[in-house]
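Asks: Turn these sequences into a full structure, and let the hints guide you.
There are 2 protein chains.
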Amino acid sequence: MVHTSGIGSHTAPVSDPLQGYLEANKQRFVRELVELCAIPSEASDPTALDAAATWCRDRLASAGCSARILRVVDAPALVVGETGSGKRTLVGVQHYDVQPAVPLALWQTPPYEPAVRDGAVYARGVDDNKGHLLLRIQAIEAHRAVFGELPIRIRFLIEGEEESGSSNLGRLLALHPGLTDGDGALKEGGAIDAAGRPQLSLGGKGILYCHFRVRTMSRDAHSGGATHYPNAAWRLAHALASLMDERGRVRIAGFYDDVRRPTDAERRMVAEAPFEPQAMKEILGIERFAFGRGDEDVRYAAVFEPTCNVCGIESGYNGPGSKTVIPCEATAKVDFRLVPDQDPMKIATLLRAHLDRSGFDDVVFSAEEGEHPYRGAADSPLVRAVKAVAEQEFGKPAVLVPNSGGTSPMWVVCNARKMPNVTLGMGHPGAGAHAPNEHILLENYWRALRATTKLYSLFATQA
Amino acid sequence: MVHTSGIGSHTAPVSDPLQGYLEANKQRFVRELVELCAIPSEASDPTALDAAATWCRDRLASAGCSARILRVVDAPALVVGETGSGKRTLVGVQHYDVQPAVPLALWQTPPYEPAVRDGAVYARGVDDNKGHLLLRIQAIEAHRAVFGELPIRIRFLIEGEEESGSSNLGRLLALHPGLTDGDGALKEGGAIDAAGRPQLSLGGKGILYCHFRVRTMSRDAHSGGATHYPNAAWRLAHALASLMDERGRVRIAGFYDDVRRPTDAERRMVAEAPFEPQAMKEILGIERFAFGRGDEDVRYAAVFEPTCNVCGIESGYNGPGSKTVIPCEATAKVDFRLVPDQDPMKIATLLRAHLDRSGFDDVVFSAEEGEHPYRGAADSPLVRAVKAVAEQEFGKPAVLVPNSGGTSPMWVVCNARKMPNVTLGMGHPGAGAHAPNEHILLENYWRALRATTKLYSLFATQA
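In order, the protein sequences belong to chains L and Y. Quick note, the first sequence lines up with residues 15 to 477 if you use our numbering. Quick note, the second sequence lines up with residues 15 to 477 if you use our numbering.
Calculated from the structure, these hints are not laboratory results. Take the hints with a grain of salt, since some may be wrong.
Where chains are identical, the list cannot tell them apart; a pair therefore holds if satisfied intra-copy or between any two copies.
What the hints assert, rightly or not - The list that follows gives simulated cross-link-like pairs (lysine to aspartate or glutamate, DMTMM-like), each with its CA atoms no further than 20 Å apart:
hint, residue 1, residue 2
1, K337, E37
2, K295, E310
3, K432, D355
4, K410, D357
5, K401, E286
6, K295, D234
7, K337, E383
8, K401, E457
9, K295, D376
10, K360, D272
11, K337, E177
12, K295, E343
13, K432, E260
On a predicted model such as this, the values are computed, not experimentally measured, just so you know.
Replies: The following block contains the structure:
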């Protein structure tokens with residue numbers, strides 16, 4: 015039994031038939047959201063991933079879409095749903111998998127027992143990305159009920175591996191070549207900034223995620239032999255230190271060769287986008303940004319610069335007290351966030367060459383995930399249409415962001431046709447995606463649902 | 015019930031009264047060794063430490079010593095036993111604490127259920143240092159029974175914190191100033207080399223053991239912010255990399271200032287000491303030594319050079335799969351092995367200055383253990399006496415080592431009077447001190463016991 019007292023209602027004029035439809039169906043729509051979020055579709059749970067895929071397929075069907083499930087061996091299903099017809103095609107790129115909910119102790123209510131309270135819904139995945147996914151399907155239902163059949167073809171591609179690097183999406187799409195044909199892509203997620211302005215992201219950084227390993231001996235040695243036995247922790251610390259200088263500049267030869275220079279228009283976008291350095295510092299309890307960077311520097315770097323980042327490192331004895339040991343093995347995890355037009359596999363090749371040239375041929379790594387960066391055009395009918403409906407529903411000017419700091423698989427969907435892509439979402443700064451107590455605000459949900467419903471008509475004719 | 019069939023017997027002439035005494039008492043002596051080794055006197059077990067201290071006090075008393083227990087708050091007891099009289103005093107520096115026995119699964123028989131088989135005794139601590147400690151007490155009993163009262167004063171100092179840095183030994187000795195008066199010190203342990211030659215160590219390296227910690231933010235951040243959020247793993251990797259260059263040379267300014275230049279005699283000792291680079295490489299499965307060092311280079315460096323060594327490092331996410339995170343905290347453990355005349359607290363000061371000067375003032379460390387290095391004179395009556403009895407009993411020329419690569423607390427005992435110190439032991443290359451299946455060979459035990467019994471007389475008159 016879902017407690018729905020906090021679902022909220024707009025005081026909309028009765029003459030707004032879309033609002034009328036939403037009001038009549040709000041409780042059902044929230045129940046659906048609760049149902050979908052109750053499925054613990056983490057990467058480690060294939061049964062739950064299957065259940066979420068089936069749920070999405072069925073919901074697409076009940077909204078009037080033709081819906082099917084595509085598979086390649088060992089990968090979560092790709093759900094494809096299509097409806098409508100017209101000159102234009104909109105491709106909706108979404109995902110039903112979620113980040114692991116751990117640490118569970120930090121959740122106020124269990125992550126897979128969605129809680130509706132105070133106008134918000136709390137659950138793992140409700141912001142990233144099940145709420146966004148669902149409102150786009152509910153918008154189809156609403157459009158058909160209120161405005162009639164869609165004057166546009168809409169194709170949903172709902173994958174189940176986004177949170178672990180979309181490693182099979184390219185393969186799935188390659189097996190079904192027509193799936194990425196379209197005039198623009200509606201990207202997963204999307205958010206409202208602290209000033210209430212809809213933030214429209216036009217792409218994401220790419221990523222290369224590597225596991226590093228050094229093994230110097232067959233077993234640990236007594237540190238009395240440190241004059242001559244090779245220490246794996248030292249080797250790895252030196253190798254990692256060699257990758258980036260103290261100003262944050264990556265030292266791998268060729269690393270910056272393919273970085274696309276931002277246009278003046280893109281720099282203007284960033285200048286106009288919200289940026290709150292003091293709030294950013296306070297959230298993480300820091301007095302200044304890393305690498306001696308000033309605030310203005312950070313504003314542009316966050317969008318336009320690639321990075322090298324150690325996610326983890328481990329070697330030797332780390333328990334209580336002391337142990338005098340020369341570790342025989344050391345491991346690390348490193349991610350590189352890439353900007354257009356860097357290629358993750360090319361970066362992996364440059365990294366190998368850097369290590370070999372720097373005397374670290376004993377440091378091995380495996381490239382565990384690779385995704386290309388993607389940044390679509392801002393000057394396109396899709397972005398104009400999204401801007402119009404978002405500003406209308408949220409009542410504030412939209413802000414465009416050339417690409418976010420995070421990664422999503424837009425390159426495999428958009429790059430062949432250089433399609434524009436954009437978010438139209440309802441997340442808010444404290445939504446807690448990937449963190450405990452992830453939640454969405456229902457007020458934003460209804461606004462994004464209205465905006466999306468209108469987008470489906472507007473994009474059909476937008477110049 | 016101890017199985018004693020493997021205790022072994024010498025085919026000594028009946029006219030050797032010492033041998034006669036040993037033959038008559040071997041089974042009891044082994045039972046005593048088994049009894050002492052059955053006490054699990056690890057640092058984490060204060061009750062067992064107390065039991066071992068009491069056992070040692072009682073055994074000293076039954077060998078004819080005056081014996082007492084000294085304490086400072088919270089530290090394991092120091093057992094002091096004295097006997098004999100004469101112009102010279104020999105100080106025996108021993109310890110009854112043992113290394114943790116974990117991992118238990120690798121032991122063929124339980125570490126604290128001593129097993130006598132095939133002429134060996136298996137137990138945690140039997141080599142390091144309970145066997146060595148006990149045979150020195152049994153040698154007093156044997157001397158008094160066979161040769162009469164000791165023509166020398168002997169003072170045992172048996173501590174219970176050697177395996178965790180002897181952190182209170184200096185304080186205990188300072189409270190009882192006369193305890194370190196003497197003409198030479200018999201050091202814990204000692205071993206026979208692979209060629210069967212007694213190895214006589216004249217000292218040990220010192221140590222500074224530090225815990226490092228960097229905290230850059232109040233919590234981990236999403237790696238999308240790696241352009242500007244400070245990564246603790248990076249900071250620590252860079253700081254550690256700054257400590258030593260790729261040739262193994264420590265980069266801390268002033269680090270080598272106090273290193274005592276080895277004398278020609280000391281270099282000759284090292285040249286003559288056993289050194290088996292190929293065997294050393296094979297044991298650890300390496301093809302070559304670290305830092306590009308050649309074999310001859312290693313021979314001298316192992317004795318005469320100080321080191322900087324990372325014992326452990328940990329930061330961020332190291333679980334299965336990948337997580338894109340900027341770690342807010344990183345920790346490491348680092349040991350410095352020091353040679354005469356380096357001072358651990360001075361090294362700690364230089365380390366702090368190095369980090370501050372190198373821009374790592376955010377990297378904090380605490381000095382957890384500090385012991386001075388100590389190297390005594392080779393040209394001394396004690397060393398000559400030990401050499402004579404060792405060569406007589408083991409039938410091979412002795413080899414002198416200016417200092418071992420490991421650390422023992424000889425500085426606090428010997429430095430004020432610059433006393434010589436030396437080992438006269440029975441360990442062998444495969445004894446497994448600090449490792450599973452630690453054991454001693456009884457044949458070596460009886461030889462060392464005879465040699466020690468004779469030493470007590472010889473040192474009284476040795477020129």
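Asks: Each of the hints needs a verdict: does it hold here or not?
Replies: Here's how the hints hold up against the structure:
Taking the shortest alpha-carbon separations for K337 and E37, neither the intra-copy value of 66 Å nor the inter-copy value of 40 Å comes in at or below 20 Å. In this homomeric assembly, K295 and E310 come within 20 Å of each other (Cα to Cα) only inside a single copy, at 14 Å, whereas the closest approach across copies is 54 Å. Taking the shortest Cα distances, K432 and D355 sit within 20 Å of each other inside one copy (13 Å), while across copies they are farther apart (69 Å). For the homomeric pair K410 and D357, neither the shortest alpha-carbon distance inside one copy (37 Å) nor that between copies (67 Å) is at most 20 Å.
Within a single copy, K401 and E286 get their C-alpha atoms as close as 15 Å, which meets the 20 Å cut-off; across copies the closest is 84 Å, which misses it. Within a single copy, K295 and D234 get their C-alpha atoms only as close as 41 Å, which misses the 20 Å cut-off; across copies the closest is 13 Å, which meets it. For a Cα distance limit of 20 Å, the shortest separation of K337 from E383 across copies, 11 Å, qualifies, whereas the shortest one inside one copy, 35 Å, does not. Taking identical chains as interchangeable, the C-alpha atoms of K401 and E457 lie at most 20 Å apart only when both belong to the same chain, with a minimum of 19 Å there against 89 Å between chains.
In this homomeric assembly, K295 and D376 come within 20 Å of each other (Cα to Cα) only across copies, at 17 Å, whereas the closest approach inside a single copy is 38 Å. For a Cα distance limit of 20 Å, the shortest separation of K360 from D272 inside one copy, 10 Å, qualifies, whereas the shortest one across copies, 50 Å, does not. With identical chains, the CA atoms of K337 and E177 are at most 20 Å apart between copies only, with a shortest distance of 10 Å across copies and 38 Å within one. In this assembly of identical chains, the alpha carbons of K295 and E343 lie at most 20 Å apart only when taken from different copies (16 Å versus 36 Å within one copy).
Within a single copy, K432 and E260 get their C-alpha atoms no closer than 36 Å, and across copies no closer than 47 Å, so neither meets the 20 Å cut-off.
In summary, the numbered hints that this structure violates are 1, 4, 13.
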